[in-house]
Amino acid sequence: MNQLLHEGTASNLSLPIVPPPGIKQYSSVFLDPSYSPWQFYGFGNTTKGREEIEKLMPPPIPENRIVIKPNYSNCSDSTIYLPSFIPLQPKQIFKIDQLIKFRLKKPLYVTVEKDGPGFLAKCKGLPLYGYDEDLHIAVNKLKQEIENLFIELEEDQNYSSEWKVMHSFLRRIINR
Amino acid sequence: MRANRIKRACENKLGITFREGGEFNGWFVYNGIKIARVTIPKGRKEVPPGTLDSIADQLKITCEQLKYLEKCPFKLPHYIFELTDKKLI
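Going line by line, the protein sequences match chains A and B.
Residue numbers for the first sequence follow the working numbering, so the first one is 1 and each next one is one higher.
Residue numbers for the second sequence follow the working numbering, so the first one is 1001 and each next one is one higher.
In case anyone wonders, no lab produced these hints; they're calculated from the structure.
Any given hint could be a false lead.
[Unchecked claim] Computed list of chain A residues with no C-beta within reach of chain B, every gap over 10 Å:
{"hint": "1", "residue": "92"}
{"hint": "2", "residue": "93"}
{"hint": "3", "residue": "97"}
{"hint": "4", "residue": "102"}
{"hint": "5", "residue": "103"}
{"hint": "6", "residue": "118"}
{"hint": "7", "residue": "122"}
{"hint": "8", "residue": "134"}
{"hint": "9", "residue": "136"}
{"hint": "10", "residue": "141"}
{"hint": "11", "residue": "154"}
{"hint": "12", "residue": "168"}
{"hint": "13", "residue": "171"}
{"hint": "14", "residue": "172"}
{"hint": "15", "residue": "175"}
{"hint": "16", "residue": "176"}
[What the hints assert, rightly or not] If we take Cβ atoms under 10 Å as the criterion, some of the chain A residues that face chain B in the derived model are:
{"hint": "17", "residue": "98"}
{"hint": "18", "residue": "104"}
{"hint": "19", "residue": "107"}
{"hint": "20", "residue": "127"}
Quick reminder that beta carbons are idealized off the backbone N, C-alpha and C, glycines included.
Taking the hints into account, I'd like the entire structure generated from these sequences.
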């Protein structure tokens, strides 16, 4: 048996792999120091057009720089935070859980988008808007609009059926 | 389009009375029933396109019709016809 193992079969033979001089061994893969990554991407050994290819590649991120990509989509009213150096995306949705005087039983979703020099805040399902050059004031104006509409609808009942639906909706969500 | 000119057109042509608050708020009333509520920003600044769309939506007309309302051809009978056509009155 020992003799058999010593002699071995072709599959059992494990010959030491010795890399040729000047080439490092890296987990059974030989890495040539003169190896060009361009070769790996199929560009061959040539450096022709290398500058054009480098232009297409994204710039490297410096090691000491931390890139934070905040997602404001799920921010609730109390945590709306948008520093001036972070640009607003084309349309962002904020959740508001209170108005100016009243509190909300259920949160409302407000869409804020850039409009000219300012911001336009709108609420889906309500024909209201708030516009201002400051995002926070635009949202506050929309809140004021919702409150005003609710107060006006509470004053008298002489409005069309469309407004009746909105009145009942506001009654459901506003906690007086 | 300037905000003050839209407000003036709404007052003169549609008979909307505005209540002064943070913004100008007014109701279009037809036969004693409130039909449309419109908000117009204060000042004489040019209204940006998104806000203009929102004002047109509040009046239940198109942006083009709002421009005509501010200029001249669109008047109260046209507006009432428009609302009747949309079965809002």
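We went through each hint and held it up to the structure:
1. 92: Consistent with the label, residue 92(A) stays out of reach of chain B, its closest Cβ about 14 Å off (over 10 Å).
2. 93: Check passes; 16 Å lies beyond 10 Å.
3. 97: holds, 21 Å
4. 102: holds, 16 Å
5. 103: holds, 20 Å
6. 118: It is violated; residue 118(A) is separated from chain B by about 7 Å at its closest Cβ, not greater than 10 Å.
7. 122: At about 7 Å from chain B, residue 122(A) fails to clear the 10 Å cut-off, so the statement is violated.
8. 134: holds, 13 Å
9. 136: Non-interface label on residue 136(A) holds, nearest chain B Cβ at 14 Å vs cutoff 10 Å.
10. 141: violated, 6 Å
11. 154: holds, 13 Å
12. 168: With a cut-off of 10 Å, residue 168(A) remains clear of chain B, as the shortest Cβ separation is near 16 Å.
13. 171: The claim stands: residue 171(A) keeps its Cβ more than 10 Å from every Cβ of chain B (closest is about 17 Å).
14. 172: holds, 19 Å
15. 175: Non-interface label on residue 175(A) holds, nearest chain B Cβ at 22 Å vs cutoff 10 Å.
16. 176: Holds: least Cβ distance 20 Å, greater than 10 Å.
17. 98: violated, 17 Å
18. 104: Given a least distance of 19 Å, the restraint on residue 104(A) is violated.
19. 107: violated, 22 Å
20. 127: Status holds, d = 5 Å.
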